[in-house]
Amino acid sequence: MAFTGIAAILLPEGRTCHKTLGLTVPLYSDSNSTITPNSKQGKKLLETDVFIWDEAPMAPKYALEIMDRLLRDLTKVDEPFGGKILLLGGDFRQLLPVRKNGTRAECINLSIKNSGLWEKFETLSLIQNMRADPDEAEFAEFLLKIGEAKVNDIYDNIEFPEGFEVETDLVEEIFGHLIQQKRYHDVASSAILSARNADVDELNKQVVDLLPCGGERRYTSVDTASDGEALQELLTQEYLNSLNPASLPPHELNLKKNTVVMLIRNMSQS
Numbered sequence: 002m003a004f005t006g007i008a009a010i011l012l013p014e015g016r017t018c019h020k021t022l023g024l025t026v027p028l029y030s031d032s033n034s035t036i037t038p039n040s041k042q043g044k045k046l047l048e049t050d051v052f053i054w055d056e057a058p059m060a061p062k063y064a065l066e067i068m069d070r071l072l073r074d075l076t077k078v079d080e081p082f083g084g085k086i087l088l089l090g091g092d093f094r095q096l097l098p099v100r101k102n103g104t105r106a107e108c109i110n111l112s113i114k115n116s117g118l119w120e121k122f123e124t125l126s127l128i129q130n131m132r133a134d135p136d137e138a139e140f141a142e143f144l145l146k147i148g149e150a151k152v153n154d155i156y157d158n159i160e161f162p163e164g165f166e167v168e169t170d171l172v173e174e175i176f177g178h179l180i181q182q183k184r185y186h187d188v189a190s191s192a193i194l195s196a197r198n199a200d201v202d203e204l205n206k207q208v209v210d211l212l213p214c215g216g217e218r219r220y221t222s223v224d225t226a227s228d229g230e231a232l233q234e235l236l237t238q239e240y241l242n243s244l245n246p247a248s249l250p251p252h253e254l255n256l257k258k259n260t261v262v263m264l265i266r267n268m269s270q271s
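Using the working numbering, you'd call the opening residue of the sequence shown number 2 and step up by one each time.
Derived from the structure by calculation, the hints contain no laboratory data. Predicted model, so just to flag it, every value in this text is computed and none were measured. Incorrect hints may have been included.
Below, computed lysine-lysine pairings styled on DSS-like, alpha-carbon distance capped at 30 Å [unchecked claim]:
| no. | residue 1 | residue 2 |
| --- | --- | --- |
| 1 | K151 | K114 |
| 2 | K62 | K44 |
| 3 | K101 | K121 |
| 4 | K114 | K146 |
| 5 | K62 | K146 |
| 6 | K62 | K85 |
| 7 | K121 | K77 |
| 8 | K206 | K101 |
| 9 | K45 | K101 |
| 10 | K41 | K77 |
| 11 | K101 | K77 |
| 12 | K45 | K85 |
| 13 | K114 | K85 |
| 14 | K206 | K258 |
| 15 | K146 | K77 |
| 16 | K45 | K20 |
| 17 | K183 | K151 |
| 18 | K20 | K41 |
| 19 | K20 | K101 |
| 20 | K62 | K151 |
All chains should be modelled from the sequences, with the hints used to inform the complete structure.
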């Protein structure tokens, strides 16, 4: 299991921690699992001897503590996680839990390392990167040094080695030749990462503009307020259309043939 759907789908028959453990959304320090001892999910957890939790460092400590309380309640065994074996995997140099509008100290306090349960775990370090391409060993080592803050200067800036920078148009450099050669499968396997949603939207637009003209379709969302006439008058359709939350596609989505589309949410839970 994993804390996010993106991480869970990479695992064979993977499931999210929310589905497996009955975690609520959002999750708070006083939240509890929705699973009951007599439920089908509760009985399945009782039958499980070993739990494997991938990308565990991205979960807040509350999730770990809820799992502990849940398994103690199900098993009636007053030991960590009800005496079950829990294997956590992940890299604390990567994505950590984030508290909305929280300070750096508050975000760090959310880490599972700051849970009272952490001392119950035995830490094993994996030192060999099994997925790294042998030709990219130097780059993998460089990324490791970034994670350990060993390449920062006195101002905490990171100086990239020569050859890392792109002096031409970034979108053209990454996707231009692939689109010209109609290697759309390779286009789907390439990506430009950005820290800001506004930059991602602009980059996506530029990539779509590179695709051959013809067959362009425009899709618009259907936005309505569902609770009461008064709310519908207050939240007009024009206002709802103007909103662009990060977790949803834009109100107006322009696509061409061979545009890469990533599905980020499964609306059907069956």
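Results of checking the hints against the structure:
The suggested pairing of K151 with K114 holds, with an alpha-carbon distance near 22 Å, which does not exceed 30 Å. Straight-line distance between C-alpha atoms of K62 and K44 comes to about 25 Å, which keeps the hinted pair within the 30 Å bound. At most 30 Å may separate the alpha-carbon atoms for a hinted pair to count; K101 and K121 meet this at roughly 29 Å. For the suggested pair K114 and K146, the alpha carbons sit about 22 Å apart, so the restraint of at most 30 Å is met.
Among the hinted pairs, K62 with K146 is consistent with the structure: their alpha-carbon atoms are about 27 Å apart, no more than 30 Å. Restraint check for K62 and K85: the C-alpha separation of about 18 Å stays at or below 30 Å, so the hint holds. Only pairs whose Cα atoms come within 30 Å are accepted, and K121 paired with K77 is accepted, the gap being roughly 19 Å. Between the alpha carbons of K206 and K101 the distance comes to roughly 29 Å, so the proposed pair stays at or under 30 Å and holds.
Among the hinted pairs, K45 with K101 is inconsistent with the structure: their alpha-carbon atoms are about 34 Å apart, more than 30 Å. Simply put, K41 and K77 have alpha-carbon atoms about 17 Å apart, close enough for the 30 Å limit, and the pair holds. Restraint check: the Cα-Cα separation between K101 and K77 comes to about 35 Å, which exceeds 30 Å; the hinted pair is violated. A distance of roughly 13 Å separates the Cα atoms of K45 and K85; the hinted pair therefore holds under the 30 Å criterion.
Between K114 and K85 the alpha-carbon distance is near 19 Å, which keeps this suggested pair within the 30 Å criterion. Only pairs whose Cα atoms come within 30 Å are accepted, and K206 paired with K258 is accepted, the gap being roughly 14 Å. Distance check on the hinted pair: K146 and K77 sit about 45 Å apart at the alpha-carbon level, beyond 30 Å; violated. A distance of roughly 12 Å separates the Cα atoms of K45 and K20; the hinted pair therefore holds under the 30 Å criterion.
The hinted pair formed by K183 and K151 fails the criterion: a straight-line CA distance of about 41 Å is larger than 30 Å. Taken as a hint, the K20 and K41 pair is honoured in the structure, with Cα atoms around 13 Å apart against an allowance of 30 Å. Only pairs whose Cα atoms come within 30 Å are accepted, and K20 paired with K101 is accepted, the gap being roughly 23 Å. Of the pairs offered as hints, the one joining K62 and K151 holds, with about 28 Å between alpha carbons and a cut-off of 30 Å not exceeded.
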